[in-house]
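Just so you know, the sequences run in chain order G and L.
Per full-length UniProt numbering, the first sequence starts with residue 1, numbered consecutively.
Per full-length UniProt numbering, the second sequence starts with residue 1, numbered consecutively.
The set of hints was computed from the structure by calculation and includes no laboratory data.
Fair warning: there could be bad hints in the mix.
Because identical chains cannot be distinguished in the list, a pair is counted as satisfied if it fits within a single copy or across any two copies.
What the hints assert, rightly or not - Simulated pairs of lysine to any residue, SDA-like, Cα-Cα distance not exceeding 25 Å:
#, residue 1, residue 2
1, Lys368, Phe513
2, Lys130, Leu71
3, Lys50, Arg237
4, Lys363, Leu38
5, Lys363, Thr41
6, Lys50, Gln365
7, Lys363, Val232
8, Lys414, Pro137
9, Lys246, Ala421
10, Lys130, Val65
11, Lys368, Gly44
12, Lys50, Pro396
13, Lys318, Arg162
14, Lys318, Gly230
15, Lys246, Thr41
16, Lys130, Pro111
17, Lys96, Glu400
18, Lys130, Gly220
19, Lys130, Gln81
20, Lys414, Gln81
21, Lys368, Thr48
22, Lys246, Ala456
23, Lys130, Glu115
24, Lys130, Ala407
25, Lys246, Pro47
26, Lys96, Pro118
2 protein chains.
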Amino acid sequence: MRAPLAFSLALSLAAFSAVLAADAAGEACAAPAVPLPLPLTLDGVSPTVKAAEYAVRGRLLDRSVELSALLAAGASLPFSQIVRCNIGNPQALGQKPLSFVRRVLSLLMNPELLEAPPPAYPADVIARAKLYAAAVPSVGAYSDSQGIAVVREHVAEFIASRDGFPSSPSDIFLTDGASAGVKALMQLMIRGPHDAVLAPIPQYPLYSATAAMLNGTLAGYYLDEATSWGVVEAELRRALARAVDKGATARALVVINPGNPTGQSLPKEVVEMILRFAASEGLVLMADEVYQENVYGDAPPFYSFKRALAELRLAGEKGDAAAASLAARAQLISFHSTSKGFIGECGLRGGYFELQNIPDDVKAQITKLASVSLCSNVVGQFATGLMVRPPREGEPSHAEYSAERAAILASLAKRATHTAAVLNSLPGISCNAAEGAMYLFPQLHLPPRAVAAAEAEGAKADEFYALRLLEATGLVVVPGSGFGQADGTWHFRTTFLPPDDQLEDVLKRLAVFQRDFMAQYE
Amino acid sequence: MRAPLAFSLALSLAAFSAVLAADAAGEACAAPAVPLPLPLTLDGVSPTVKAAEYAVRGRLLDRSVELSALLAAGASLPFSQIVRCNIGNPQALGQKPLSFVRRVLSLLMNPELLEAPPPAYPADVIARAKLYAAAVPSVGAYSDSQGIAVVREHVAEFIASRDGFPSSPSDIFLTDGASAGVKALMQLMIRGPHDAVLAPIPQYPLYSATAAMLNGTLAGYYLDEATSWGVVEAELRRALARAVDKGATARALVVINPGNPTGQSLPKEVVEMILRFAASEGLVLMADEVYQENVYGDAPPFYSFKRALAELRLAGEKGDAAAASLAARAQLISFHSTSKGFIGECGLRGGYFELQNIPDDVKAQITKLASVSLCSNVVGQFATGLMVRPPREGEPSHAEYSAERAAILASLAKRATHTAAVLNSLPGISCNAAEGAMYLFPQLHLPPRAVAAAEAEGAKADEFYALRLLEATGLVVVPGSGFGQADGTWHFRTTFLPPDDQLEDVLKRLAVFQRDFMAQYE
Numbered sequence: 001m002r003a004p005l006a007f008s009l010a011l012s013l014a015a016f017s018a019v020l021a022a023d024a025a026g027e028a029c030a031a032p033a034v035p036l037p038l039p040l041t042l043d044g045v046s047p048t049v050k051a052a053e054y055a056v057r058g059r060l061l062d063r064s065v066e067l068s069a070l071l072a073a074g075a076s077l078p079f080s081q082i083v084r085c086n087i088g089n090p091q092a093l094g095q096k097p098l099s100f101v102r103r104v105l106s107l108l109m110n111p112e113l114l115e116a117p118p119p120a121y122p123a124d125v126i127a128r129a130k131l132y133a134a135a136v137p138s139v140g141a142y143s144d145s146q147g148i149a150v151v152r153e154h155v156a157e158f159i160a161s162r163d164g165f166p167s168s169p170s171d172i173f174l175t176d177g178a179s180a181g182v183k184a185l186m187q188l189m190i191r192g193p194h195d196a197v198l199a200p201i202p203q204y205p206l207y208s209a210t211a212a213m214l215n216g217t218l219a220g221y222y223l224d225e226a227t228s229w230g231v232v233e234a235e236l237r238r239a240l241a242r243a244v245d246k247g248a249t250a251r252a253l254v255v256i257n258p259g260n261p262t263g264q265s266l267p268k269e270v271v272e273m274i275l276r277f278a279a280s281e282g283l284v285l286m287a288d289e290v291y292q293e294n295v296y297g298d299a300p301p302f303y304s305f306k307r308a309l310a311e312l313r314l315a316g317e318k319g320d321a322a323a324a325s326l327a328a329r330a331q332l333i334s335f336h337s338t339s340k341g342f343i344g345e346c347g348l349r350g351g352y353f354e355l356q357n358i359p360d361d362v363k364a365q366i367t368k369l370a371s372v373s374l375c376s377n378v379v380g381q382f383a384t385g386l387m388v389r390p391p392r393e394g395e396p397s398h399a400e401y402s403a404e405r406a407a408i409l410a411s412l413a414k415r416a417t418h419t420a421a422v423l424n425s426l427p428g429i430s431c432n433a434a435e436g437a438m439y440l441f442p443q444l445h446l447p448p449r450a451v452a453a454a455e456a457e458g459a460k461a462d463e464f465y466a467l468r469l470l471e472a473t474g475l476v477v478v479p480g481s482g483f484g485q486a487d488g489t490w491h492f493r494t495t496f497l498p499p500d501d502q503l504e505d506v507l508k509r510l511a512v513f514q515r516d517f518m519a520q521y522e
Numbered sequence: 001m002r003a004p005l006a007f008s009l010a011l012s013l014a015a016f017s018a019v020l021a022a023d024a025a026g027e028a029c030a031a032p033a034v035p036l037p038l039p040l041t042l043d044g045v046s047p048t049v050k051a052a053e054y055a056v057r058g059r060l061l062d063r064s065v066e067l068s069a070l071l072a073a074g075a076s077l078p079f080s081q082i083v084r085c086n087i088g089n090p091q092a093l094g095q096k097p098l099s100f101v102r103r104v105l106s107l108l109m110n111p112e113l114l115e116a117p118p119p120a121y122p123a124d125v126i127a128r129a130k131l132y133a134a135a136v137p138s139v140g141a142y143s144d145s146q147g148i149a150v151v152r153e154h155v156a157e158f159i160a161s162r163d164g165f166p167s168s169p170s171d172i173f174l175t176d177g178a179s180a181g182v183k184a185l186m187q188l189m190i191r192g193p194h195d196a197v198l199a200p201i202p203q204y205p206l207y208s209a210t211a212a213m214l215n216g217t218l219a220g221y222y223l224d225e226a227t228s229w230g231v232v233e234a235e236l237r238r239a240l241a242r243a244v245d246k247g248a249t250a251r252a253l254v255v256i257n258p259g260n261p262t263g264q265s266l267p268k269e270v271v272e273m274i275l276r277f278a279a280s281e282g283l284v285l286m287a288d289e290v291y292q293e294n295v296y297g298d299a300p301p302f303y304s305f306k307r308a309l310a311e312l313r314l315a316g317e318k319g320d321a322a323a324a325s326l327a328a329r330a331q332l333i334s335f336h337s338t339s340k341g342f343i344g345e346c347g348l349r350g351g352y353f354e355l356q357n358i359p360d361d362v363k364a365q366i367t368k369l370a371s372v373s374l375c376s377n378v379v380g381q382f383a384t385g386l387m388v389r390p391p392r393e394g395e396p397s398h399a400e401y402s403a404e405r406a407a408i409l410a411s412l413a414k415r416a417t418h419t420a421a422v423l424n425s426l427p428g429i430s431c432n433a434a435e436g437a438m439y440l441f442p443q444l445h446l447p448p449r450a451v452a453a454a455e456a457e458g459a460k461a462d463e464f465y466a467l468r469l470l471e472a473t474g475l476v477v478v479p480g481s482g483f484g485q486a487d488g489t490w491h492f493r494t495t496f497l498p499p500d501d502q503l504e505d506v507l508k509r510l511a512v513f514q515r516d517f518m519a520q521y522e
């Protein structure tokens, strides 16, 4: 019999003998005084798992859950509700689902309902449900691992219509949200600590957490706060050179556009620059475009990396050999999701990625990865289809759908602008305009005494701030350190998702808190 | 500018100069004769990903897709349809979803339907939908990463009622099918090649594929085909000793009960033996119990590992110190899923695992892993709730639910028995009775000439057989080598899921094929 190392080390000899005696005799005897060590303790958890951090659902959220419980128990707090601005979760903050989407899904969910649809359901709802129902044996059956063919066709048509260039269903993989696709692709590429992925700072921490879990290297490039969180080529080159200097092979470049947590929308020229940079440097470009429908006001309109690649290819076909050469080796994976945009179906976990210039034998490895998980959830797959193919003009659901869409986007734009304006009016805060996505990432100009008070508590200054903000206002934000930020700067990420009435209330409490906080520490 | 290694090695100097010249001049020129290498080719894919194998959706399935296309195009083949017995996917083979489950889900899917439910919907359907709808802001919102509280409560009550011992919602995590949970827990434990997981041979290849992707070691223990694929303690000890001899630290022991691909249902005494073995050897026990509702005829009834642990604990409380000591360090993770049983909702991707004796700081790491993926899909979470809490006696849906349940289980049992009988009546096949799950794993007694013919094609003998079977009959099975098997033996896995009329037809074709095959090679 093997004596596990931890066992023999941690157990006193007396207790050990007692256990052996009991084992040998098979008799009842007094329990040993020293408890036996467990096979799996924190010490034995994989260090790559322990190294992963995911601040969006971290300590602040835990504390907010405790405060919610206190409120529910009737405790008197300085606020009457917790407002969770830590995560882009629109339907948790009052956004209504799109009627067309949910009507079709309700029919798909129950075959007897599809036989006799509710009288109020328009004909295009029923037609779409019938089309999708005919494409699978049941929403309760595993689908193809790559995803349901008709949905992949609808995705390809959406991309083609968005960009003006063709897209092939065979390049599309349907996923549980965008996250599952990102994780699979990083798993495909990262072989160990010598493999680096370039990713923005600040960044949505899925990338850093996944790199940590894969024991890979994350090489950060800084976004330029002074130019609306711009992506600057010299900084990309610096980050790449630094990774190479340290002995790493850079495999991929992550770009989040529109940005998370930073909310910028990249102009066409910057998108083109990034694509050329990645292709010329031999990096697979991972384009996180889940906020592509969330661009507000006079910000640069969304310009997809796929379109930039197609334009480069076209230039090559027209005789530009350098463009042809770059386009031929530009490898691109573009991610999208049902969780954001104006559909906001986070809980349904729908999404896709599109591959460009990925060889068939690599694609087969991706399919194999997908098949080990069998398939992404079928309801999420159909939700993806409904996102990319809304009712068209002339179809009975079109007017209602358009009105719902317009109202959601207008409200988001208004809340984005208003929240940024309030933040900028407060002492000790400066905030870039919200060009896109669902977030603001204001900079905190914390007085040195506040930083010192945080240090005295062993906390980062932005965590110290965010915890106090929560205790005073019920507002849950995420400290900037959860996303990365330039040394010596402090930020927080907040969504602008609460409905108008809640938002007004929250911003008022935030303003009071901020003035008090600054007065206290200045 | 960095010149990537593969780039400089593979590119001819002439082409390289041409590219540099074009780059430098920024002008159009003729494309280089040698195409530039891509950043990501199969060579650069992570070797751990490449090493993973998942035969359930492998070469046989690909060929079946080609044959389907031929049939659709009007080709004349020896069969009129492909029958996919490669995967336990009941609703793909005609099993109807449970009415209660789908009615509730259809209401959850569309809030306006919940306001005015279809007149045919019984009151308990509406009540359950209201209960679940009130527990979340929307099925379109991210839930808690661990899973929706009310569903975890329902799961805990189900386990308590099944086993006669308490279960805590705080020990339950809701997952996208069982697979997501298995992968997360293996990721938690496997730190590298020196960490081994003991798993059965034959086994469902999720475990081997995941171990490969995590660069861990899979230490196989053989199931005893002669005793209905029994788990034998001496063989567990042999496998453990062999792993330790090779320098590995065994971290976990995987048991699949009822078995996949082998279909056995383990008797109570064997479950107890395995639990004691794992606890005394310091192994975390991973109990894959997704087929717990699928036990047929006079096979040993399902006996959960959780119950075995609770009984051990109880013996300890009654004064058996050895039992108390073992129970205190027995770490158990039990997996369940909506995909199997009689609910068969594979596509909804619902499931859960229950932790026992896992310290809170380790549990926090599991929660963090879950949070990086945000949450499992909310529809699947509610499907899990509906699985574990069916309508009760006296509730309006109870009679219909019970009738649907009984019909599905009776039909499965009948098909299991019948399929095994037909297989055993054929030359060159012997098959254990189907005690549980959805599979038979018959042994093929292949004539040496058939093995030689396979070798001549560079194929494994069971793959050679399965491909011929497919070409002759349209029946898709999985070669035994995809699950592992004792050296020199050949098997295949088949589900017994096709509906009665299809099954009869398939079995007739199989019988003809088998006699011809044996005659050809004997």
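Going through the hints against the structure:
Taking identical chains as interchangeable, the C-alpha atoms of Lys368 and Phe513 are never at most 25 Å apart, the minima being 52 Å within one chain and 30 Å between chains. For the identical chains of this complex, Lys130 and Leu71 are inter-copy neighbours only, at 24 Å across copies versus 46 Å inside a copy, given an alpha-carbon limit of 25 Å. Within a single copy, Lys50 and Arg237 get their C-alpha atoms no closer than 31 Å, and across copies no closer than 31 Å, so neither meets the 25 Å cut-off. In the homo-oligomer, the alpha carbons of Lys363 and Leu38 lie at most 25 Å apart only across protomers (14 Å), although the nearest pairing inside one protomer, at 42 Å, exceeds that limit.
In the homo-oligomer, the alpha carbons of Lys363 and Thr41 lie at most 25 Å apart only across protomers (10 Å), although the nearest pairing inside one protomer, at 38 Å, exceeds that limit. Proximity of Lys50 and Gln365 under a CA criterion of 25 Å is satisfied inter-copy only: 7 Å between copies versus 28 Å inside one chain copy. Taking the shortest Cα distances, Lys363 and Val232 never come within 25 Å of each other, neither inside one copy (31 Å) nor across copies (41 Å). Proximity of Lys414 and Pro137 under a CA criterion of 25 Å is satisfied inter-copy only: 23 Å between copies versus 44 Å inside one chain copy.
In the homo-oligomer, the alpha carbons of Lys246 and Ala421 never lie at most 25 Å apart, since the shortest distance is 42 Å inside one protomer and 65 Å across protomers. Taking identical chains as interchangeable, the C-alpha atoms of Lys130 and Val65 lie at most 25 Å apart only when they sit on different chains, with a minimum of 23 Å there against 42 Å within one chain. Only between protomers do Lys368 and Gly44 lie at most 25 Å apart by alpha-carbon distance; the minimum there is 16 Å, versus 30 Å within a single protomer. In this assembly of identical chains, the alpha carbons of Lys50 and Pro396 never lie at most 25 Å apart, being 52 Å within a copy and 49 Å across copies at closest.
For a Cα distance limit of 25 Å, the shortest separation of Lys318 from Arg162 inside one copy, 22 Å, qualifies, whereas the shortest one across copies, 70 Å, does not. Neither within a single protomer nor between protomers do Lys318 and Gly230 lie at most 25 Å apart by alpha-carbon distance, with minima of 31 Å and 68 Å respectively. Taking the shortest Cα distances, Lys246 and Thr41 sit within 25 Å of each other only across copies (24 Å), while inside one copy they are farther apart (34 Å). Taking the closest pair of Cα atoms, Lys130 and Pro111 come within 25 Å of each other both inside a single copy (10 Å) and across two copies (21 Å).
For the homomeric pair Lys96 and Glu400, the shortest alpha-carbon distance inside one copy (13 Å) is at most 25 Å, but the shortest distance between copies (34 Å) is not. In this assembly of identical chains, Lys130 and Gly220 lie within 25 Å of each other by CA distance neither inside one copy nor across copies; the values are 47 Å within and 47 Å between. Taking the shortest alpha-carbon separations for Lys130 and Gln81, only the inter-copy value of 23 Å comes in at or below 25 Å, while the best intra-copy value is 43 Å. Taking CA atoms no more than 25 Å apart as the test, Lys414 paired with Gln81 passes inside one copy only; the shortest distance there is 23 Å, against 57 Å between copies.
Proximity of Lys368 to Thr48 under the C-alpha cut-off of 25 Å is found in both arrangements, the shortest distances being 24 Å within a copy and 12 Å between copies. For the homomeric pair Lys246 and Ala456, neither the shortest alpha-carbon distance inside one copy (34 Å) nor that between copies (50 Å) is at most 25 Å. Both within a single protomer and between protomers do Lys130 and Glu115 lie at most 25 Å apart by alpha-carbon distance, with minima of 10 Å and 24 Å respectively. For a Cα distance limit of 25 Å, the shortest separation of Lys130 from Ala407 qualifies neither inside one copy, at 29 Å, nor across copies, at 27 Å.
Both within a single protomer and between protomers do Lys246 and Pro47 lie at most 25 Å apart by alpha-carbon distance, with minima of 22 Å and 23 Å respectively. When the C-alpha separation of Lys96 and Pro118 is checked against a cutoff of 25 Å, the pair qualifies both within a copy, at 20 Å, and between copies, at 22 Å.
Checked against the numbered hints given earlier, the structure breaks hints 1, 3, 7, 9, 12, 14, 18, 22, 24 and satisfies all the rest.
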